[in-house]
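Listed here are the chains, written in short residue letters.
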Amino acid sequence: MSAQVESVDALIRWQGDLSLFRAEVTEALSSVLLEIRKARDWIETELDRWRKEKREAEELVFQAKMELRRKQVPDFNGRLPDTTVEEKNLAKAEAYLDYCEERIAKCRHWLVELPRWVEEEYAPPTRKLNHFVESDLPRALGQLEQQIRSLQEYLQIQTGGSS
Amino acid sequence: MRIDAGRSRLYDAQKTIQNRWQEVCEHWNDPVQKEFEAQTWEPLEKLTRDALRAMDRLSAILREMRSECEGEEGAI
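Just so you know, the sequences run in chain order A and B.
Here the working numbering is used: the first residue of the first sequence is 1, the next is one more, and so on.
Here the working numbering is used: the first residue of the second sequence is 164, the next is one more, and so on.
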């Protein structure tokens, strides 16, 4: 038996520390996975919100066009009235409609891109860690347990022999 | 949608286990320890570092996604 393990207690503590670390890794990985699921749900919610916002923006564009057309009728002198305000309102409404469409496109993009990114970039290293703590680490802990037992038996024999 | 809690948990666990490894090595120095170091400790440290890096990249991706999708109602 090697005499280079000075403290069996230190090994027992280490065994406990590793078990705790294993539990913490599992919890941390689960917590992040849950946040990834929440992120996907959040995109769906944002997509619905922007679709609704787009419908309202379309209505605003329609109203702004109507206002402009109403104003574009010549007066009794045959002069066209100033439509600067109506034109500005229409441009603003159209710009907001574009903005809503852009947000919808971004949400659709991320609905595809996020799962792809997670699968290709995030999942491989975290799956490896998860696999290690689920299979390799328990095996190592088992070997550690064996060494602790052997040391304890050795120490018992030593104590018994000296008494 | 914040992964900070999970990331912090893993980071803190890594720091703690690194300190504990240093401590146990003061009492444990035999061929079994060397084998454990090569087959378990070193791969575990590397895999944990890789996972933390992946979480950092994920955090950046989620920030980018949020800023692009969230927008501002009535922004214009």
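The hints are simulated quantities; they were obtained by calculation from the structure and are not laboratory data.
None of the values given here were measured: they were computed from a predicted structure.
Take these hints with a grain of salt, some might be off.
Unchecked claim - In silico DSS-like pairs for lysine-lysine, Cα to Cα no more than 27 Å straight-line: (1) A/LYS71 with B/LYS209; (2) B/LYS178 with B/LYS209; (3) B/LYS197 with A/LYS65.
What the hints assert, rightly or not - What the simulated footprint calls covered on chain A by chain B, stretch by stretch (three residues with Cβ under 8 Å from a Cβ of chain B suffice, anywhere in the stretch; the number is not a length): (4) 6-19; (5) 23-31; (6) 116-123; (7) 132-138.
Unchecked claim - Partial selection, computed: residues in chain A whose CB lies under 10 Å from chain B: (8) GLU46; (9) GLU53; (10) GLU67; (11) GLU102; (12) LYS128; (13) LEU155.
C-beta: ideal position from N, C-alpha, C; glycine also.
Going down the list of hints, with the structure as the test:
1. A/LYS71 with B/LYS209: 71 Å, violated
2. B/LYS178 with B/LYS209: Since the Cα atoms of B/LYS178 and B/LYS209 sit roughly 13 Å apart, the hinted pair holds (cutoff 27 Å).
3. B/LYS197 with A/LYS65: Measuring from Cα to Cα gives roughly 79 Å; hence the hint is violated.
4. 6-19: This one holds; 8 residues, not fewer than the three required, reach chain B with a Cβ under 8 Å.
5. 23-31: Holds: 7 residues of the region 23-31 of chain A have a Cβ under 8 Å from chain B.
6. 116-123: With 4 residues close enough to chain B, the hint holds.
7. 132-138: holds (count 4)
8. GLU46: Since the shortest Cβ distance to chain B is 5 Å, the answer is holds.
9. GLU53: Constraint on A/GLU53 satisfied, holds at 6 Å.
10. GLU67: Violated: closest Cβ of chain B sits about 18 Å from A/GLU67, beyond 10 Å.
11. GLU102: Nearest chain B Cβ about 8 Å off; hint holds.
12. LYS128: 5 Å, holds
13. LEU155: 14 Å, violated
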